[in-house]
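The opening residue of the sequence shown carries number 80 in our numbering; numbering runs sequentially from there.
Honestly, the hints are just simulated from the structure, not real lab data. It is possible that part of the hints are untrue.
[As the list claims (entries may be wrong)] Restricting the straight-line Cα-Cα distance to at most 30 angstroms, the calculated cross-link-like pairs of lysine-lysine (BS3-like) are:
#, residue 1, residue 2
1, Lys-371, Lys-393
2, Lys-534, Lys-181
3, Lys-189, Lys-371
From a predicted model like this one, the values you see are computed outputs, not experimental measurements.
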Amino acid sequence: MKRAIAWMANHGVAANLLLVLLLAAGLFSLPNIVQEVFPEFDLDAIQVQVLYPGASPEEIEEGIIQRIEERIESVEGIRRLTSTASEGVGVVIAELNTGHDKARALDEIKAEIDRIVSFPVDAEEPEVSEVSNRTRVIEIALYGHVSERSLKELANRVQDDLATMPQISLVQTDAVRAYEISIEVSLDALRAYGLRLDDIARAVRAASLDLPGGRVDTRDEEILVRIEGQNYTAKDFGEIIVRGTRSGAELRLDQVATIRDGFEDADLLSLYDGQPAAFVRVFRTADEQVLKIVDVVEHYLAEQLEPSLPRGIKVAIWANEADNLRSRIDLLTRNGLIGLMLVLVALSLFLDLRLAFWVAVGIGLSFVATFAVMPMLGVSINMLSLFGFILAIGIVVDDAIVIGENIYAQRERGTGPLEAAVNGAQRIAVPVTFAVLTTVVAFTPLLFVPGTIGKFLMNIPLIVITVLLFSLVESLFILPHHLSHLPEHAHARLPLWLGFFQRAQDYVQRRLQQFIDGPVTRSVTYAVHHYWVVIAGAVSLLLITGGVLAGRYIGFSFLPRIEGDQVIAQLEMPPGTPATRTRQVAEYLEQTGRAVAATFQADLPDDHPSLVRAVYLSVGRRPSMAGGPGIGAGPTFIESNIAEVTFRLLEPEDRKLSAVEFEQAWRQRAGEIPGARTLSFSSQVINLGAPVQVEISHPDNATLNTVVAGIEASLRRYTGVFDVRNDQIRGKREVQLELKPRARSLGVTLDDMARQVRAAFFGAEALRIQRGSEEVRVYVRLPEDERNTLGDIQAYRIMTPTGAAIPLSEVAQVTFGTAPATIRRLDGRRIVTITADVDQAVITGQEVNSELTNRILPAIQQRYPGVRYTFGGEQREQTDAIGGIVTGFLLAALVMYALLAIPFGSYVEPLIIMASVPMGFVGAAFAHLVMGLDLGLLSIFGIVGVSGVVVNDSLVLIDFINEEHRAGKPMAEAIVSAARTRFRPILLTSLTTFLGVFPLIIERSLQAQFLVPMAASIGFGVVFATAIIMVLVPALTMLQADVVAWRARRAPPSRTGLETVSGP
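Build the full structure now, drawing on both the sequences and the hints.
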């Protein structure tokens, strides 16, 4: 390595070519890096979904869910199976072990599903797919007081137009019902013509198809044969011949049926600012760019759509990720540039201006070079990767400062420029290399944090590690050459026009030297003489910090809330509630939300823009839970008892009111809703599940209900806990039919009765046709007025094989009951999930979960044997993440120890270095205490950064102590001399690290608040740890020397000469 450093320093062309190569690679890659607000990632999960229209949850569970679970539970790599049986659909999600080959698991699960031959006949083909996190880029609202068909046709047109554009590959209409053709035949018509609904469905199916008929090879050409008979409209279907009559006439379908070409029979309402609406969503796939997609869509809206809008329809952009992306990138870029400027100023004041310039160039080069590998690492430009760069500003400057300052020190001693550059870099190359490697090792466990949160935050350590490695290359092989051109005199004067800066630089360096000669030297001397006092003080600080944490003076929040621009109220009424009643309650929620907005608006200046940009009310579905294709959330089924109201607020940078404050005020204003089953409010951008979520199971349903009620009652007693609810929903009332024994004598089988009843009241699916980009289902059923009362069921007549029509009651026993609206299962057993939200200003989810674990649940298990529970939501993510981090750091600590032991050739000195790491945690903890911040996962990321800086400083300090001692100085004198020599680079490292993140620490914008704990951890942690290690490392080193001396049965090392090192 030393030869390579010398060669590069002497061959400027090679050093400059390497610099240009790294710059060019980064700049050429920059335009191709994906830009997004938060990183997109695939989850370690596989989803199996089966549609079974009209089936109850219990039928889904028995006929679909259990069969899937039995087949795939033995597939290697599955960590957890969660299943949901709802009306008409069954979904099984297989969560995989972290790092397991997902493609292999997908193939194996598909193979197992293909072996299942016992699915119900009317169930559709299973869909097996990866669970992914696809990004919605922009969402367009089309609204106005027009017909539903007009809105849907326009939405389909917009979808088709956008899908043809090369920058866009995935577009989806939303908030509109699917087209459906309903062929309705009355009981009177069926009896009059002796028909069954199945007969009509078969006739429709047989008379509506396109079929290739082969080909004819003539002498001159090949001619294809094609049968064309596909019907597409109500008129087409009406002309189908159902059968011939005895008189030879033909019975057409429109003579026996009413044919409606309309929409599916579902209660769905979408209102945008009080007007009926349809939505079009555009998603980003692969390497598509958010900003380019939005530019294309906005141009299309302005130039093509708006000039041709039908009368009465307006268009608006409901959601635009480009706005969020631009504002957040601008925010972090601004903070990063300010931090970089502060670093440059600090370096210039403490070092030669030219040296500071080249150190700053090294930082920029490391950043630009990182751009070159980001696409290969799968890292985009997003809010977290940009923070990784900000985090790296302070850390990455460490090795450049250490090398540059050592070269500068050699110049101060009169060494020639080239010789100083080579010797200075070579002297410090080994400890700097190992210091960087230990920092890389410290960040490495953060790459393997399990769960969703690990994938979400992975960009930060990836960026920091990459920048560190490029910085090491630049510091060793490029920086020495540039510093070899420093002036012959280390203190060469600056040009006259920089006179003020020259005076400031002289003043700072003079005062720094005075500080080193005075307080620094006295403190280190005291530490050498009284090392037990220093060590006891460090231990006391650790104990005090532990007491502060144990006393909960510092809160813990696993993942801080990320400020967004929307607040959502989700409403669920009892199953079976009419859509009209659900709409009334949803409109009440909208009114209360607008009243809250008006209250806040009244406190603002008259010219302040409206806090609320738009309101989206949906009855029948929850748009926030409806993902795009491939997301794995399953289809969004329409239920008349659910609704959602979404307020979209001004961008965070344009308001002082936080979304959380609006959420809390809205919740309070809305109050309790009479008859509502659940009502929850949310403003979180990243949702890992509820802060409190526990999954309970018991073999006996009655006992399970009692247990659930008891846990909910216990949770409601805690101040700050609200929205306590469970997912055990009592379903709609059911009419249950059981075949009577005498039915067989009439020739009616169970299958025959089931198919006739299903066709009458749900519909017999005759076929599916493709109209444009949409698949349209064709159903044959009874008219609505013959299937909307209980009396219609009792009056329905079953057709026997002989053609006789007999009342349903003669062949079936009719009873009434209820069944669960949704059945959830975990690893093969039914569960009930209890969730709750918390006010973090009063109590955290961690504290509530601790109460559940230590007090509530053990008492429940003691009282009700057989109760099993697991935590889900945020608590499960937290447990997995922290467990992975702890395991990773234990392994990383061993590797760091080995990396430190190799250059020192000692088993003890690495321990001295690593003993300084907890001091960074102490500083970070007290920063959180003073600033009123909660500790969390992001704080841990900052503390890891602190540990890297602290290890680097301690390593170089001990290396110089050893060098001074090997030169013949007594240990005490060597310690003081090395501390005086290395104080300036250690101070500069800490100061630049602090200044790099300081703009973010004092940032007051709402959208950056979730990053403040991480910035505070590294900024204040480094400052505090630096002050401590300047006395702790000398104290521990002196203790080691005395122990070695004692073991060698000789007197402790002489402290002679301490008086002579107290000054310059």
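Hints and how they fare:
A C-alpha spacing of about 24 angstroms is found between Lys-371 and Lys-393, which places the hinted pair at or below 30 angstroms, so the restraint holds. Under the criterion of a C-alpha separation no larger than 30 angstroms, the hint pairing Lys-534 with Lys-181 is consistent with the structure, at around 15 angstroms. Between Lys-189 and Lys-371 the CA atoms are separated by roughly 36 angstroms; this puts the pair beyond 30 angstroms, and the hint is violated.
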